[in-house]
Amino acid sequence: MNNFENVEKKEIETDIMRYKNNSLSFLLCVIAIVCNVAMFLSLYSNTACTPNFQLGIDLLVNVIFLLSCFLAAEKLKTYNVSWSYVAFAIAGIEILRIFWIPTMYLKSGLEDPLKGLNAGQFTFIVIMMVIAAVSLVGAGIITLIKAKRLNAHLKRIEEGK
Amino acid sequence: MATLKLDHVKKIYDGGVVAVHDFDIDIKDGEFIVIVGPSGCGKSTTLRMIAGLEEITEGHAYVDEKEVTNLASKDRDMAMVFQNYALYAHMTIYQNMAFSLTLRKTDKIEIHKKVMAAAEILNLKDQLNKKPKQLSGGQRQRVALGRAIVRTPKIFLFDEPLSNLDAKLRVTMRREIKLLHQRLNATMIYVTHDQIEALTLADRIVVMSMGHVQQIGSPLEIYSDPNNKFVASFIGNPPMNFIDGKIISDGKKFECDDFSFELDEKRKALLKDYVGKNVILGVRPEHFQEGGDIDAVVTMSEHMGASTLFHCDVQNTHLNVKFEGWIDHADNEIIKLSLKQDLICFFDSETENRIR
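Residue numbers (my numbering), protein chains in the order written: chain L, 1 to 161; chain E, 1001 to 1356.
Certain hints may be false.
[Unchecked claim] Each computed DMTMM-like pair below joins lysine to aspartate or glutamate, with the alpha-carbon atoms no more than 20 Å apart: (1) LYS1108/E <-> GLU5/L; (2) LYS1114/E <-> GLU11/L; (3) LYS1125/E <-> ASP15/L; (4) LYS1125/E <-> GLU159/L; (5) LYS1114/E <-> GLU159/L; (6) LYS1113/E <-> GLU8/L; (7) LYS20/L <-> GLU1120/E; (8) LYS1130/E <-> ASP15/L; (9) LYS1340/E <-> GLU1350/E; (10) LYS9/L <-> GLU1110/E; (11) LYS1108/E <-> GLU159/L; (12) LYS20/L <-> ASP1126/E; (13) LYS1113/E <-> GLU11/L.
[Claimed, not checked] One side only, chain L facing chain E, incomplete, derived with CB under 10 Å: (14) GLU8; (15) LYS9; (16) ILE12; (17) GLU13; (18) ASP15; (19) TYR19; (20) LYS20.
[Unchecked claim] Computed from the model, here is a short list of chain E residues facing chain L with C-beta under 7 Å: (21) TYR1094; (22) ILE1109; (23) HIS1112; (24) LEU1128.
Derived by calculation from the structure, the hints in this document are not laboratory data. Even for Gly, the Cβ is constructed at its ideal location relative to N, Cα and C.
So here's chain L without its partners, still in its complex pose (with noise of 0.2 Å):
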């Protein structure tokens, strides 16, 4: 395939971007949904809860990370370059739970085996935690490329018209 046949070929792999959805990035969100309500089962089917005030503030987080991990979803897969800001912006903040919620429940599970979490599950909830974390910040830099080369390429049609 010689230069021009290869410009051409990238010109309307953009062109197409303009009839179809980013559902690369809607996929990498949705993985990061499923991760997280995975990590979260794991987390409360292994560990006796005690309703308190943290553990409110734990449901209450999920339930807001979901949420956002949903919206932007849906924002990424229509090329939205404000929502790949916010999906590293939750990306970053479940990298902070990463520190924060397996070490806390491993910590209790060492004392106290029925409030805890043993080595095998907390090795499960991190990798759950990373994977949705990797896939938020992945589908943010694939919404950033692609929308910045479909913009240039609808500036292009615009000033061609």
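Following the hints, put chain E in place on chain L, whose structure we already have.
Same frame as chain L, but now just chain E:
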């Protein structure tokens, strides 16, 4: 593009109902064939047999001289456009048009080129991101056409595609289909019960009734030279007038209950075997002229802009008479009529076949 041959095709449903009798036609490459007839005459069944959606009970079908009688529908390389559009409501117009190619795992660059080319032809470029429910009926039908075009099939099949549209939109879409045919020069088979669509679109018309092919011919042949009373009555609006009568006076005159007229030399020769026998006179409303021996009483007038239609009674015989222009005749006024004998038809009263 392709040729299509239907070799004595017959469709018999379970229970012995014969939907199509002995359909035999050779369709040339790039030809626009319209199958026309009243509801239940077997035209859609014929189309579905061509598409492979109905099994052919007897006979054979060939595309480009290759037999396709028992070939699965997906392998026949034909695209069908339906009356109800059959669009996927959850997909955008772009996705709807690209869908068949996506299923075939066509390269996405190729799909995009074809979809954009079809959208350009059908003036749908600004609608590609919309969902079908956001479009008008005409636009939806254009999408259905586009979906067929992107496949670049050998044969396009249309099953009453304009029946869901209002009268004005039909005229526009009819023109677009005609232009599309000229542009693609593809073989198209079009089923309709609308004789105007048949006359305006077709290279050749197939008139069907009760599962039988009544006549195959160009629009002009079908209109001016019908094979039988059915074809004569079905094609033409308002329909042909039919008057039962007899050939009398050694074949010199036609006489019915309410009037008679002298036959010209050509008609005398034509009807020489029918002297003293019953025949049916067929005369189109536009083939009357003012002035003559027939006294007709106007019972109602319909002004249609470029022409005027008069409903007249000649004693007990009702006639539709059409004159060019805006003509005023009061109700109950008597007008003198004669026939343009070159253009009238006679049918055998027993077989209802045209006397030639």
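Quick check on LEU1128/E please, does its C-beta sit within 7 Å of some C-beta on chain L? Check passed: Cβ of LEU1128/E comes within 5 Å of chain L, closer than 7 Å.
Does LYS1108/E pair with GLU159/L here, judged by a C-alpha cut-off of 20 Å? Violated, because 26 Å separates the two Cα atoms, which is more than 20 Å.
Measure nothing beyond the straight line between the CA atoms of LYS20/L and ASP1126/E; if it is 20 Å or shorter, mark the hint as holding. holds (14 Å)
Within a Cα-Cα threshold of 20 Å, do LYS1108/E and GLU5/L meet the stated pairing? This hinted pair holds, its Cα atoms lying about 15 Å apart.
Using Cβ atoms only, decide whether LYS20/L comes closer than 10 Å to chain E, and label the hint accordingly. Since chain E brings a Cβ to about 7 Å from LYS20/L, closer than 10 Å, the hint holds.
Restraint: HIS1112/E near chain L, CB-CB cut 7 Å. Satisfied or not? holds (5 Å)
Check whether the Cα positions of LYS1340/E and GLU1350/E lie no farther apart than 20 Å. It is violated: about 25 Å lies between the C-alpha atoms, which goes past 20 Å.
Identify whether the interface hint at ILE1109/E stands, where standing means a beta carbon of chain L within less than 7 Å of its own. Since chain L brings a Cβ to about 5 Å from ILE1109/E, closer than 7 Å, the hint holds.
Given the hint that LYS1114/E pairs with GLU11/L, does the C-alpha gap stay at or below 20 Å? holds (15 Å)
Quick check on GLU13/L please, does its C-beta sit within 10 Å of some C-beta on chain E? At about 7 Å, which falls below the 10 Å cut-off, the nearest Cβ of chain E leaves the hint on GLU13/L intact, so it holds.
Would the hint on LYS9/L stand, with a C-beta cut-off of 10 Å toward chain E? Result: holds, 6 Å to nearest chain E Cβ.
Holds or violated: LYS1130/E with ASP15/L, Cα cutoff 20 Å? holds (16 Å)
In this structure, the earlier hints numbered 5, 9 and 11 are contradicted, and the remaining ones agree with it.
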